[in-house]
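Colleague: Given next are the chains, with one letter for each unit.
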Amino acid sequence: MKSEKLTKVILFLSSLTILLVASGMIYSLAGGSVLAFKTFGIKFIYTSVWNPTEGSENYGALAFIAGTIITSVFALLVCLPLALSTALFIGEYYRDKPVSRIVGTMVDLLAGIPSIVYGLWGFYVLRPLIVDLGLSPQGYGIFTSGIVLAIMIIPYATSISTEIIKMVPNDLKEAAYSLGATRLEVITNVLIPNARSGIFASFILAFGRALGETMAVTMLIGNANVVPESLFATGNTMASVIANQFGEADGLKLSSLIAIGLLLFIITALINAAGKFIIKRFS
Amino acid sequence: MDKPIVDIKDPVLRIENLHVSYDGIKNSVTDVSASVKKHAITAIMGPSGCGKSTLLRAINRMHDLYPQIKTTGKIFLNGDDISSISNIVLRRKIGMVFQRPNPFPTMSIYDNVIAGYKLNGFSLKKHERDEIVEKSLTDVSLWNEVKDALNKKGTFLSGGQQQRLCIARALAFQPDVILLDEPTSALDPIATAKIEDLLLELKDKYSIVLVTHNMAQAARISNFSMFMYLGELVEYGRTKDMFTKPVDKRTEEYLTGKFG
Chain L
3 MKSEKLTKVI LFLSSLTILL VASGMIYSLA GGSVLAFKTF GIKFIYTSVW
53 NPTEGSENYG ALAFIAGTII TSVFALLVCL PLALSTALFI GEYYRDKPVS
103 RIVGTMVDLL AGIPSIVYGL WGFYVLRPLI VDLGLSPQGY GIFTSGIVLA
153 IMIIPYATSI STEIIKMVPN DLKEAAYSLG ATRLEVITNV LIPNARSGIF
203 ASFILAFGRA LGETMAVTML IGNANVVPES LFATGNTMAS VIANQFGEAD
253 GLKLSSLIAI GLLLFIITAL INAAGKFIIK RFS
Chain F
49 MDKPIVDIKD PVLRIENLHV SYDGIKNSVT DVSASVKKHA ITAIMGPSGC
99 GKSTLLRAIN RMHDLYPQIK TTGKIFLNGD DISSISNIVL RRKIGMVFQR
149 PNPFPTMSIY DNVIAGYKLN GFSLKKHERD EIVEKSLTDV SLWNEVKDAL
199 NKKGTFLSGG QQQRLCIARA LAFQPDVILL DEPTSALDPI ATAKIEDLLL
249 ELKDKYSIVL VTHNMAQAAR ISNFSMFMYL GELVEYGRTK DMFTKPVDKR
299 TEEYLTGKFG
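Going down the list, the protein sequences come from chains L and F.
Each residue of the first sequence is one higher than the one before, counting from 3 in the working numbering.
Each residue of the second sequence is one higher than the one before, counting from 49 in the working numbering.
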């Protein structure tokens, strides 16, 4: 009985530690951003000035919120057709065939590549290509980082969608086949409608990952503290501005960066919660 | 092979030397030959694993979906070799009802009934669709129960109603043959009785092949019965005859409950 009790205590303490760490992080994020919100009020969220000149310091998060949303939505749009087709390839068309195992493994492999390696690839391969194509003078910007982001989130969207597609009951598919449907008709009329909410959730979770992705984006987005004017313009995301500027920040600037971190945390948490909620309702 | 074959004139289906194998080594259906009478209920019975569902699924070429399944032999639908018809056209002429009620959960009752038309890309006028839906649901005695709820999801219905909806879905194309794979095994006795009554009504217009593990059901509603054992068609004859004086010893043992 003694070991029984001991186990309970160990489990309890571990869970408590997690709780303390999480609430401690929220506390310090909130505490650190008090100065910024006190100085700029709610305006901090919808202004896009970023002026660190001493004496006339003025900060707003809008440029970074916009940069984050635009790069992530762009990445999602690029990722969607690729991930959905790959999921159908692995989960339906070539299900249980060796080729789908190979493709599935490659997709998982993509998920394992570190962010910095994606950044390097984007910097030395994709960026020169974009310059050569004449799309932008330096190759930095929303487009470049969005493409790399898309590749980074494909594995998440693909592997969850694949599982959801595999879960559609075989007898529903057979019912459609027994009515004379072709494979494509079964996919568009039975498979996708039945897997719809799960597929949607997988893209929400992928979107959540894109929002917080830092390293590769920081290397490629061009670090301009303005609301991007076009797809090929430079910009900054919430994560990349923090990565770029935290080293030389103190006082009000540091507090503003922490406030941006807090906002990013809240947005990502909401998106993830939405995705999980939909998956739960689906299964 | 010395097996009693009933003489059926102008059959709706003729099966000749059918073999089906799931692994290419062992046959699950071995050398089955039989003709199926038009506008009658033909029951296929036998213990689990005897190949009765496998035989049924060969008739609308469901086995084509699984490339590892090997089928040899011939099946004729109204005299036409089914391997010469595209399986899409074939499956419109041969409807199928499954063991568990499987209405499409994302579709309304209405859309479930005309699912066959939608899936095949037929564009019908609204009054044509309405007609098909009403007629098919009336045919399965479901119209009065659901006519005010046609836009509700099919999965809201009770199990027995869902199964009747699935039969209506199979009837919407006015097929020649309806294949039913143990359609009442997931239903309670009252819902089962309703389906059985329904099949008795439907046989005037359709030819019905019914796989059942329930001997009493075969005795109650079928005109002809096949008894399968270990992939072989052991005995085939009029249901009355088979239940009163079975020819083969294995049939007799099965019917008297010695195995199965």
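It should be emphasised that the hints constitute simulated quantities derived from the structure, not laboratory data.
Every value quoted in this text rests on a predicted model; they were computed, and no experiment measured them.
Every residue gets a Cβ at the ideal spot worked out from N, C-alpha and C, and that includes glycine.
Just to be clear, a hint being listed does not mean it is correct.
[To be verified] Cβ-Cβ distance ranges computed for the label pairs, FRET-style: (1) F:Asp71 - L:Arg185: 48 to 58 Å; (2) L:Lys278 - F:Asp112: 34 to 44 Å; (3) F:Glu179 - L:Ser87: 36 to 46 Å; (4) F:Thr203 - L:Thr190: 48 to 58 Å; (5) L:Lys168 - F:Glu182: 34 to 44 Å; (6) F:Lys201 - L:Ile118: 26 to 36 Å; (7) F:Thr120 - L:Leu137: 38 to 48 Å; (8) F:Ser156 - L:Lys278: 45 to 55 Å; (9) L:Asp173 - F:Ser132: 25 to 35 Å; (10) L:Thr190 - F:Ser132: 33 to 43 Å.
[What the hints assert, rightly or not] Okay, derived cross-link-like pairs now, DMTMM-like style, lysine to aspartate or glutamate, Cα gap no bigger than 25 Å in a straight line: (11) F:Lys251 - F:Asp71; (12) F:Lys200 - L:Glu176; (13) F:Lys201 - L:Asp98; (14) L:Lys175 - F:Asp55; (15) F:Lys166 - L:Glu94; (16) F:Lys166 - L:Glu176; (17) L:Lys175 - L:Glu165; (18) F:Lys200 - F:Glu182; (19) F:Lys201 - L:Glu176; (20) F:Lys141 - F:Asp196; (21) F:Lys166 - L:Glu56; (22) F:Lys251 - F:Glu193; (23) L:Lys175 - F:Glu230; (24) F:Lys118 - L:Glu165; (25) L:Lys99 - F:Asp112; (26) F:Lys141 - L:Glu176; (27) F:Lys141 - L:Glu187; (28) F:Lys200 - F:Asp178; (29) F:Lys141 - F:Asp252; (30) L:Lys168 - F:Asp178; (31) F:Lys183 - F:Asp252; (32) F:Lys141 - F:Asp112; (33) F:Lys166 - L:Asp134; (34) F:Lys141 - L:Glu165; (35) F:Lys200 - L:Glu165; (36) F:Lys242 - L:Asp173; (37) F:Lys122 - F:Asp58; (38) F:Lys173 - L:Glu165.
Colleague: Compare the structure with each hint and give your call.
Modeller: Structure-based check of each hint:
For Asp71 (chain F) paired with Arg185 (chain L), a C-beta distance near 24 Å fails the hint of 48 to 58 Å. For the hinted restraint 34 to 44 Å between Lys278 (chain L) and Asp112 (chain F), the CB-CB distance of approximately 40 Å keeps it satisfied. Remark: the range hint 36 to 46 Å for Glu179 (chain F) to Ser87 (chain L) is upheld by a beta-carbon distance near 39 Å. Our hint of 48 to 58 Å for Thr203 (chain F) and Thr190 (chain L) is violated, since their Cβ atoms are close to 20 Å apart.
The hinted range of 34 to 44 Å is satisfied by Lys168 (chain L) and Glu182 (chain F), whose Cβ atoms lie roughly 37 Å apart. For the hinted restraint 26 to 36 Å between Lys201 (chain F) and Ile118 (chain L), the CB-CB distance of approximately 49 Å leaves it violated. Checked against the hint of 38 to 48 Å, the pair Thr120 (chain F) and Leu137 (chain L) fails, with Cβ atoms roughly 59 Å apart. Restraint check, Ser156 (chain F) to Lys278 (chain L): a C-beta distance of roughly 29 Å breaks the suggested window 45 to 55 Å.
Between Asp173 (chain L) and Ser132 (chain F) the beta carbon distance is about 28 Å. The supplied range of 25 to 35 Å therefore holds. One distance hint, 33 to 43 Å for the beta-carbon pair Thr190 (chain L) and Ser132 (chain F), is violated here, with the actual separation near 28 Å. In summary, the hint linking Lys251 (chain F) to Asp71 (chain F) is not supported, as the alpha carbons are separated by about 36 Å, beyond the 25 Å threshold. Under the criterion of a C-alpha separation no larger than 25 Å, the hint pairing Lys200 (chain F) with Glu176 (chain L) is consistent with the structure, at around 23 Å.
A C-alpha spacing of about 32 Å is found between Lys201 (chain F) and Asp98 (chain L), which places the hinted pair above 25 Å, so the restraint is violated. This hinted pair does not check out: Lys175 (chain L) and Asp55 (chain F) have alpha carbons roughly 37 Å apart, beyond 25 Å. Between Lys166 (chain F) and Glu94 (chain L), the direct Cα distance comes to roughly 21 Å. Compliance with the 25 Å bound is thereby established for this hinted pair. The straight-line distance between the Cα atoms of Lys166 (chain F) and Glu176 (chain L) is roughly 16 Å, inside the 25 Å bound, and the hint therefore holds.
A threshold of 25 Å between alpha carbons decides the hint, and for Lys175 (chain L) with Glu165 (chain L) the separation of about 16 Å falls inside it, so the pair holds. Proposed proximity of Lys200 (chain F) and Glu182 (chain F) is supported: the alpha carbons are some 15 Å apart, at most 25 Å. Our distance criterion of 25 Å between C-alpha atoms is met by Lys201 (chain F) and Glu176 (chain L), whose separation comes to about 19 Å. This hinted pair does not check out: Lys141 (chain F) and Asp196 (chain F) have alpha carbons roughly 30 Å apart, beyond 25 Å.
Distance check on the hinted pair: Lys166 (chain F) and Glu56 (chain L) sit about 68 Å apart at the alpha-carbon level, beyond 25 Å; violated. Restraint check: the Cα-Cα separation between Lys251 (chain F) and Glu193 (chain F) comes to about 22 Å, which is no more than 25 Å; the hinted pair holds. The hinted pair formed by Lys175 (chain L) and Glu230 (chain F) meets the criterion: a straight-line CA distance of about 18 Å does not exceed 25 Å. Using a Cα cut-off of 25 Å, the hinted pair Lys118 (chain F) and Glu165 (chain L) is violated, with the two alpha carbons roughly 29 Å apart.
Of the supplied pair hints, the one linking Lys99 (chain L) and Asp112 (chain F) holds, its CA atoms being roughly 17 Å apart against a limit of 25 Å. About 16 Å separates the Cα atoms of Lys141 (chain F) and Glu176 (chain L), which keeps this hinted pair within 25 Å; it holds. A C-alpha spacing of about 18 Å is found between Lys141 (chain F) and Glu187 (chain L), which places the hinted pair at or below 25 Å, so the restraint holds. Taken as a hint, the Lys200 (chain F) and Asp178 (chain F) pair is honoured in the structure, with Cα atoms around 16 Å apart against an allowance of 25 Å.
For the hint pairing Lys141 (chain F) with Asp252 (chain F), the CA-to-CA distance comes to about 17 Å; that is within 25 Å, so the pair holds. For the given pair, Lys168 (chain L) sits about 34 Å from Asp178 (chain F) by alpha-carbon distance, which is inconsistent with the 25 Å threshold. Simply put, Lys183 (chain F) and Asp252 (chain F) have alpha-carbon atoms about 16 Å apart, close enough for the 25 Å limit, and the pair holds. Taken as a hint, the Lys141 (chain F) and Asp112 (chain F) pair is honoured in the structure, with Cα atoms around 16 Å apart against an allowance of 25 Å.
For the proposed pair Lys166 (chain F) and Asp134 (chain L), the alpha carbon gap of about 49 Å is over 25 Å, so the pair is violated. The suggested pairing of Lys141 (chain F) with Glu165 (chain L) is violated, with an alpha-carbon distance near 34 Å, which exceeds 25 Å. Note on Lys200 (chain F) and Glu165 (chain L): the hinted pairing is violated, with a Cα-Cα distance of about 28 Å set against a maximum of 25 Å. At roughly 23 Å between alpha-carbon atoms, Lys242 (chain F) and Asp173 (chain L) fall within 25 Å of each other, so this suggested pair holds.
The hinted pair formed by Lys122 (chain F) and Asp58 (chain F) meets the criterion: a straight-line CA distance of about 17 Å does not exceed 25 Å. A hinted pair counts as satisfied when its Cα atoms are at most 25 Å apart, and Lys173 (chain F) with Glu165 (chain L) does not qualify at roughly 38 Å.
Hints 1, 4, 6, 7, 8, 10, 11, 13, 14, 20, 21, 24, 30, 33, 34, 35, 38 from the list above are not met by this structure, while the remaining hints are.
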